[in-house]
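**Q** Let's have the full structure, built from the sequences with the hints guiding it.
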Amino acid sequence: MGSGHSSSNDDRPSPIDAIRSEIERALGDQPFSSEQELRDAVAEKVAELNQSPVADFQGLSREQMHWLLYAPFDAPDLVRFAEGIEARPAAAAFRLLEVIVEAAGEGGIKLTAKGNLPRAVVLEAKQALEAEGLKREWLPGVIRNEDDFLELHLIKVTAGLARFTRKERGRLKATRATQKRFRKGEWAAIYDALLQAYCRQFNWAYADGWPDLRIVQDSFGFFLYLLHRFGDEPRPVPFYQQCFVQAFPAALQEVGDGGLLPGERAERVVESCWSVRTVLRFAMPFGLVEEAGGEGDVPWLAGDPNSLVIRKSALYDRAVSWKLT
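Just so you know, we're using this note's numbering here: the sequence shown kicks off at 176 and counts up by one.
Derived by calculation from the structure, the hints in this document are not laboratory data.
Yeah, the Cβ is synthetic: ideal placement off N, Cα and C, and Gly gets one too.
One should not assume that every hint holds.
[To be verified] Label-pair distances were calculated between CB atoms; the ranges are:
no. : residue 1 : residue 2 : range
1   : A425      : K285      : 44 to 54 angstroms
2   : F248      : E408      : 21 to 31 angstroms
3   : E305      : G360      : 19 to 29 angstroms
4   : A295      : K359      : 19 to 29 angstroms
5   : S236      : P293      : 42 to 52 angstroms
6   : D492      : A382      : 28 to 38 angstroms
7   : G345      : S227      : 55 to 65 angstroms
[Stated by the list, open to error] Once the Cα atoms are required to be at most 25 angstroms apart in a straight line, the calculated DSS-like pairs of lysine-lysine come out as:
no. : residue 1 : residue 2
8   : K289      : K355
9   : K348      : K285
10  : K342      : K289
11  : K355      : K285
12  : K301      : K348
**A** In structure tokens, the structure reads:
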């Protein structure tokens with residue numbers, strides 16, 4: 176096992192060191208009449224620095240980044256979700272949830288011995304996506320059961336976390352509240368609840384072979400900000416990969432410290448992990464980005480995700496509202 180992380184990031188100061196250096200430069204040899212006056216001056220400078228744009232964060236301040244990482248759904252003065260959704264969202268994740276809820280109803284779906292959805296529901300979900308032109312991760316191949324249909328499995332798990340569904344005596348049932356929401360067409364509330372459950376409760380490292388790298392999931396709001404800033408124009412996926420690594424270089428250290436296989440580079444591991452989790456299994460199924468060029472109908476994992484070009488979708492502008500000044 177090699178150590179693997181890029182030496183170019185080893186010499187970068189930590190955020191705390193950077194703030195300390197900036198405070199020392201700002202205060203310099205200023206005389207202070209008391210220790211309290213010094214503390215007040217430091218506190219004022221820290222607040223100023225926390226609210227100043229940071230180049231590595233593409234113009235976000237440290238305070239804004241803190242909210243995006245740790246409480247994105249509780250920062251209405253920064254960003255709001257699903258407020259502009261009035262019609263049924265054209266998104267694979269939403270359509271799959273809809274199929275599950277409709278099939279379950281009050282009577283429920285009898286699950287297989289493994290706890291999977293029955294084949295009839297799996298095929299119905301596949302046909303539902305095809306009918307609306309919504310892409311799956313794996314385009315070729317045969318879907319026989321839930322194990323063959325990763326997107327459906329992930330949404331089934333997320334639906335349970337969001338309490339759209341519950342398991343009872345070997346059956347999967349849609350809750351009454353969920354059925355009522357669908358009957359009333361509360362599309363914004365449903366989309367928001369599914370989005371929050373997927374980003375907050377579901378573990379993105381589930382069902383993939385990449386390192387844990389929790390920062391990939393925690394930074395989903397930063398990616399949405401990048402789409403707000405850069406997503407009007409088609410851009411290759413590596414552009415967003417580089418923005419992520421620039422903002423969170425510690426991810427390279429985490430991968431390097433965890434051990435790399437011979438020939439592996441920390442940069443490649445982090446970038447590939449980020450692409451699969453953030454673009455392929457989050458932004459695409461939730462309808463927030465669309466392909467603008469690249470491999471087209473070739474599935475990601477059979478080709479090179481770096482060749483894809485993406486831009487934000489029409490749904491993005493209804494699902495994500497920024498309050499930046």
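**Q** Honestly, do E305 and G360 meet the 19 to 29 angstroms range at C-beta?
**A** 24 angstroms, holds
**Q** Check the following: the C-beta atoms of F248 and E408 are separated by a distance inside 21 to 31 angstroms.
**A** 28 angstroms, holds
**Q** Given the hint that K342 pairs with K289, does the C-alpha gap stay at or below 25 angstroms?
**A** 13 angstroms, holds
**Q** That 55 to 65 angstroms hint for G345 and S227 (C-beta), does it hold up?
**A** With Cβ atoms ~57 angstroms apart, the hint holds.
**Q** Between K301 and K348, does the CA-CA distance stay at or below 25 angstroms?
**A** 20 angstroms, holds
**Q** A range of 42 to 52 angstroms was offered for this pair. Does it hold for the Cβ distance of S236 and P293?
**A** 50 angstroms, holds
**Q** Quick check: does the Cβ-Cβ distance between A425 and K285 fall within 44 to 54 angstroms?
**A** Since the Cβ atoms of A425 and K285 sit about 47 angstroms apart, the hinted range of 44 to 54 angstroms holds.
**Q** Given a hint of 28 to 38 angstroms, does the C-beta separation of D492 and A382 actually sit inside it?
**A** 30 angstroms, holds
**Q** Hinted pair, alpha-carbon criterion (25 angstroms max): K348, K285. Please report holds or violated.
**A** Roughly 9 angstroms separates the two Cα atoms, so the pair holds.
**Q** Need the status of pair K289, K355: alpha-carbon distance at most 25 angstroms?
**A** 29 angstroms, violated
**Q** Just to be sure I understand the hint, the distance between the Cβ atoms of A295 and K359 should be within 19 to 29 angstroms; is that true here?
**A** 27 angstroms, holds
**Q** Next pair to validate is K355 with K285; report whether the Cα-Cα distance is within 25 angstroms.
**A** Judged against 25 angstroms, a Cα distance of about 22 angstroms means the pair holds.
Hint check: a violation occurs at hint 8 only; the rest are consistent with the structure.
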